[in-house]
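> In case you want the letters, here they are:
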Amino acid sequence: MSHTTQVPHRRPAPGPSGAVPAEPPRARRRRPTSQQLAAWAFLAPVALYLALFYAYPLYRNVDLSLRDYTVRSFVQGDAPFTGLENYRKVFDDPAFGPALTHTIVFTAVCLVFQYAIGLALAVFFNQHFRLSATLRALFLVPWLLPLIVSASTWSWMLNSDSGIVNALLGAVGIGPVNWLTSPDWSLTSVIIANIWIGVPFNLVLLYSGLQSIPASLYEASALDGAGPWRRFWSITFPLLRPVSAITLLLGLVYTLKVFDIIWIMTKGGPADSSTTFATWSYRLGFGNLLPAFGPGAAVGNLLVVAALVFGLVYLRVQRKQAPA
Amino acid sequence: MNSPHRRRTGWQTALGLALTAVMLFPVYWMLNVSFTRDQDMRKSPPDLFPVHATLDGYRAVLDQQLPYLGTSLVVGLGTVVLTVALSAPAGYALAKLRPRGGGVIGFLLLVAQMIPGIIMAMGFYAIYLQLGLLQSVPGLILADSTLAVPFAVLIFTAFMSGIPGELLQAAQMDGAGPLRTFRSVVLPMSRNAVVTVSLFAFLWSWSDFVFAGTLVNGGAHEPITLGIYHYIGNNNQEWNAIMATAVVASLPATVILVLAQRYVAAGVTAGAVKD
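Line by line, the protein sequences give chains L and D. If you read the first sequence in my numbering, its first letter stands for residue 218, the second for the next number, and so on. If you read the second sequence in my numbering, its first letter stands for residue 4, the second for the next number, and so on.
Honestly, I wouldn't trust all of these hints.
Short, incomplete list of chain L residues facing chain D, as computed with Cβ under 8 angstroms [said to hold, decoys possible]: (1) TYR271; (2) PRO363; (3) ILE365; (4) MET374; (5) ASP378; (6) ALA384; (7) PRO445; (8) VAL470; (9) PHE476; (10) VAL521; (11) LEU532.
Simulated crosslink set (SDA-like; lysine to any residue; CA at most 25 angstroms straight-line) [to be verified]: (12) L/LYS484 / D/LEU137; (13) D/LYS46 / L/SER379; (14) D/LYS46 / L/VAL389; (15) L/LYS537 / L/LEU469; (16) L/LYS484 / D/ARG186; (17) L/LYS484 / D/HIS233; (18) D/LYS99 / D/GLY178; (19) D/LYS99 / D/ALA161; (20) D/LYS99 / L/PRO262; (21) L/LYS484 / D/ASN237; (22) D/LYS46 / L/VAL382; (23) L/LYS306 / L/GLY294; (24) L/LYS537 / L/SER399; (25) L/LYS537 / D/LYS99; (26) D/LYS46 / L/ALA384; (27) D/LYS46 / L/VAL534; (28) D/LYS99 / L/ILE391; (29) L/LYS484 / L/PRO315; (30) L/LYS484 / D/VAL77; (31) L/LYS306 / L/VAL326; (32) L/LYS537 / D/VAL107; (33) D/LYS46 / L/ILE381; (34) D/LYS46 / L/GLY390; (35) L/LYS537 / L/LYS484; (36) D/LYS99 / D/ARG186; (37) D/LYS46 / D/THR57; (38) L/LYS484 / D/ILE235; (39) L/LYS537 / D/ASN220; (40) L/LYS484 / D/TRP207.
Derived by calculation from the structure, the hints in this document are not laboratory data. A virtual CB, placed ideally from N, CA and C, is assigned to each residue, including glycine.
Please model the entire structure based on the sequences and the hints provided.
Below, the structure is given as structure tokens:
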């Protein structure tokens, strides 16, 4: 797929490698300027890229949130500076409270279920039965599908009149639920779809964590007469704690910014009943005929701050685990 | 681990099959609906199997969605090339050349992954508006690459750290400069990393909806995600056509899963657990 792989005609001779064991450390310690130059020549494109395509858009977003932008001044770039006015507007907005609640509920419920289901499946697949590797691979499918595919499929499955979910519920005598069109159910619907998408990610990470728990521990405790339930709580769960922390924190950062699913399935509605910060920010900035770029950017920046806080916690946890 | 319980694996396989069936039911349903005739679409209860299968939905895809698919393919390949070209050298520098301040770059890359896509999209929108890059394919490629570059640098760094230093020294002794060493030794040895990065870069850009929706919406070249979105948005009742498009849009993911599953699992884990 990539053009960069086709340069193999000159293989390095492996011979001399044994003859120069003393060279490398000294060369490294000195850090000659030419090597620094070379290193930065290789790194410069990405450094520049980070500045241009991460730092600058972020800066523009902060700038947007501190000015009073209209469509006109957005194009001309002469919007007056208004300080924290946009943030005040956002906090005073009656939509703020519900959006905050929905964001927290959405994130917390998704995380709990994704983790619990992912862990149960990881333990189950760790038993290595026939076909277990194949089935485990199939579980990745929901995670690999484009979000618009998953979201539109769930939309149709949850359709009030013709959806399969209501048909199945009807078969066991439960009346039709207006999954996407009732304010009582819309948040539940997008949560269900998002859990479905997130389970594979949890499964893969937790499964790889299980691989590193030595089988001898299980054998020893089996000899001591511990049942499977006991083994799970006294061996698997405690030893999996580091991987669990990483999985949950990463899941938290990803779930906070979920936008596609909700926007495609409900657009945050009806009546804002499934609006989170992510969809609210987008609707303010792009969803209306008269875009409110300033408040939209302000909401977005609150989301960035939340994501970064948890992101930094994640990095701390990860770094603490690295030497161990 | 299964030695004392060989007899139990039968029910485990059965349970595993049942769980997989439940998990993949939405995928099956997408297929089922894509073959359903218009007149059966509102039937209650819906047919569990496509008894009167029709290819109308797929005909609609061929008639209307090919340009979208073409755009997605171009954007996806462009993203792959840009991502690999940017991140492979950076990974080499971070793994082997010990640049001063390299730690800061590595840290910034990790943080960059955590910025929500819609925030990036708003920033890109403001910038592209001024540069006249809205509704352009190169603009979308550039934006989509931000989905993959931080991850790609991490993968390359992790992978290239494993290349023995003696090999690089040997190349140096033969008179190869850093660029030559990179091209002739490091890159060929990093084929697996290149494959992993390319797969994910392609998949993420193919699946991207946020950047497409903000940066090229309404333009001449829209990717397949917008093709589906317009279908739904128009209050289109031809769900067989929508689902057929969804099936076609899922093909790259399926192909990748079948052909390169180990790279996928490696990528998921490498991105999160240690390095």
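> The structure should be examined with respect to each hint, and the outcome stated for every one.
Evaluated hints:
Interface restraint check: L/TYR271 against chain D, minimum CB-CB distance 5 angstroms, threshold 8 angstroms, status holds. Hint on L/PRO363 holds. Least Cβ distance to chain D is approximately 4 angstroms, under the 8 angstroms limit. About 5 angstroms separates the beta-carbon of L/ILE365 from the nearest beta-carbon of chain D, less than 8 angstroms, and the hint is met. Residue-level restraint check for L/MET374 holds (minimum Cβ-Cβ distance to chain D is 6 angstroms; threshold 8 angstroms).
Given hint, L/ASP378 at the interface with chain D, holds; its Cβ is 7 angstroms from that chain's nearest Cβ, closer than 8 angstroms. Taken as an interface hint, L/ALA384 checks out: its beta carbon lies about 4 angstroms from the nearest beta carbon of chain D, inside 8 angstroms. Annotation: interface hint on L/PRO445 violated; nearest CB of chain D at approximately 10 angstroms, more than 8 angstroms. For L/VAL470, the shortest C-beta to C-beta distance to chain D is roughly 5 angstroms, which falls under 8 angstroms, so the interface hint holds.
With a cut of 8 angstroms, the hint placing L/PHE476 at the interface with chain D holds, because the nearest CB-to-CB distance is about 5 angstroms. Hint status for L/VAL521 relative to chain D: holds, with the closest Cβ pair at about 5 angstroms, below 8 angstroms. Because the beta carbon of L/LEU532 sits about 6 angstroms from the nearest beta carbon in chain D, less than 8 angstroms, this interface hint is met. A threshold of 25 angstroms between alpha carbons decides the hint, and for L/LYS484 with D/LEU137 the separation of about 23 angstroms falls inside it, so the pair holds.
For the given pair, D/LYS46 sits about 7 angstroms from L/SER379 by alpha-carbon distance, which is consistent with the 25 angstroms threshold. As the CA atoms of D/LYS46 and L/VAL389 are separated by approximately 18 angstroms, the hinted pair is consistent with the 25 angstroms bound. At most 25 angstroms may separate the alpha-carbon atoms for a hinted pair to count; L/LYS537 and L/LEU469 meet this at roughly 19 angstroms. As the CA atoms of L/LYS484 and D/ARG186 are separated by approximately 48 angstroms, the hinted pair breaks the 25 angstroms bound.
For a cut-off of 25 angstroms, the pair hint linking L/LYS484 to D/HIS233 stands: about 14 angstroms separates their Cα positions. Under the criterion of a C-alpha separation no larger than 25 angstroms, the hint pairing D/LYS99 with D/GLY178 is consistent with the structure, at around 18 angstroms. Taken as a hint, the D/LYS99 and D/ALA161 pair is honoured in the structure, with Cα atoms around 11 angstroms apart against an allowance of 25 angstroms. Between D/LYS99 and L/PRO262, the direct Cα distance comes to roughly 17 angstroms. Compliance with the 25 angstroms bound is thereby established for this hinted pair.
Taking the CA atoms of L/LYS484 and D/ASN237, the gap is near 14 angstroms; set against the 25 angstroms cutoff, the hint holds. Our distance criterion of 25 angstroms between C-alpha atoms is met by D/LYS46 and L/VAL382, whose separation comes to about 14 angstroms. The hinted pair formed by L/LYS306 and L/GLY294 meets the criterion: a straight-line CA distance of about 21 angstroms does not exceed 25 angstroms. In summary, the hint linking L/LYS537 to L/SER399 is not supported, as the alpha carbons are separated by about 46 angstroms, beyond the 25 angstroms threshold.
About 23 angstroms separates the Cα atoms of L/LYS537 and D/LYS99, which keeps this hinted pair within 25 angstroms; it holds. The suggested pairing of D/LYS46 with L/ALA384 holds, with an alpha-carbon distance near 10 angstroms, which does not exceed 25 angstroms. Taking the CA atoms of D/LYS46 and L/VAL534, the gap is near 52 angstroms; set against the 25 angstroms cutoff, the hint is violated. At roughly 62 angstroms between alpha-carbon atoms, D/LYS99 and L/ILE391 are farther apart than 25 angstroms, so this suggested pair is violated.
A threshold of 25 angstroms between alpha carbons decides the hint, and for L/LYS484 with L/PRO315 the separation of about 15 angstroms falls inside it, so the pair holds. With a C-alpha separation of about 29 angstroms, the suggested pair L/LYS484 and D/VAL77 falls outside the 25 angstroms cut-off, and the hint is violated. The hinted pair formed by L/LYS306 and L/VAL326 fails the criterion: a straight-line CA distance of about 29 angstroms is larger than 25 angstroms. Taking the CA atoms of L/LYS537 and D/VAL107, the gap is about 18 angstroms. The hint holds against a cut of 25 angstroms.
At roughly 10 angstroms between alpha-carbon atoms, D/LYS46 and L/ILE381 fall within 25 angstroms of each other, so this suggested pair holds. This hinted pair checks out: D/LYS46 and L/GLY390 have alpha carbons roughly 18 angstroms apart, not beyond 25 angstroms. Distance hint between L/LYS537 and L/LYS484 is unfulfilled; the C-alpha atoms sit about 40 angstroms from each other, more than 25 angstroms. About 14 angstroms separates the Cα atoms of D/LYS99 and D/ARG186, which keeps this hinted pair within 25 angstroms; it holds.
A distance of roughly 16 angstroms separates the Cα atoms of D/LYS46 and D/THR57; the hinted pair therefore holds under the 25 angstroms criterion. Between L/LYS484 and D/ILE235 the alpha-carbon distance is near 12 angstroms, which keeps this suggested pair within the 25 angstroms criterion. At most 25 angstroms may separate the alpha-carbon atoms for a hinted pair to count; L/LYS537 and D/ASN220 exceed this at roughly 44 angstroms. Pair hint L/LYS484 plus D/TRP207 holds up; C-alpha atoms about 22 angstroms apart against a cutoff of 25 angstroms.
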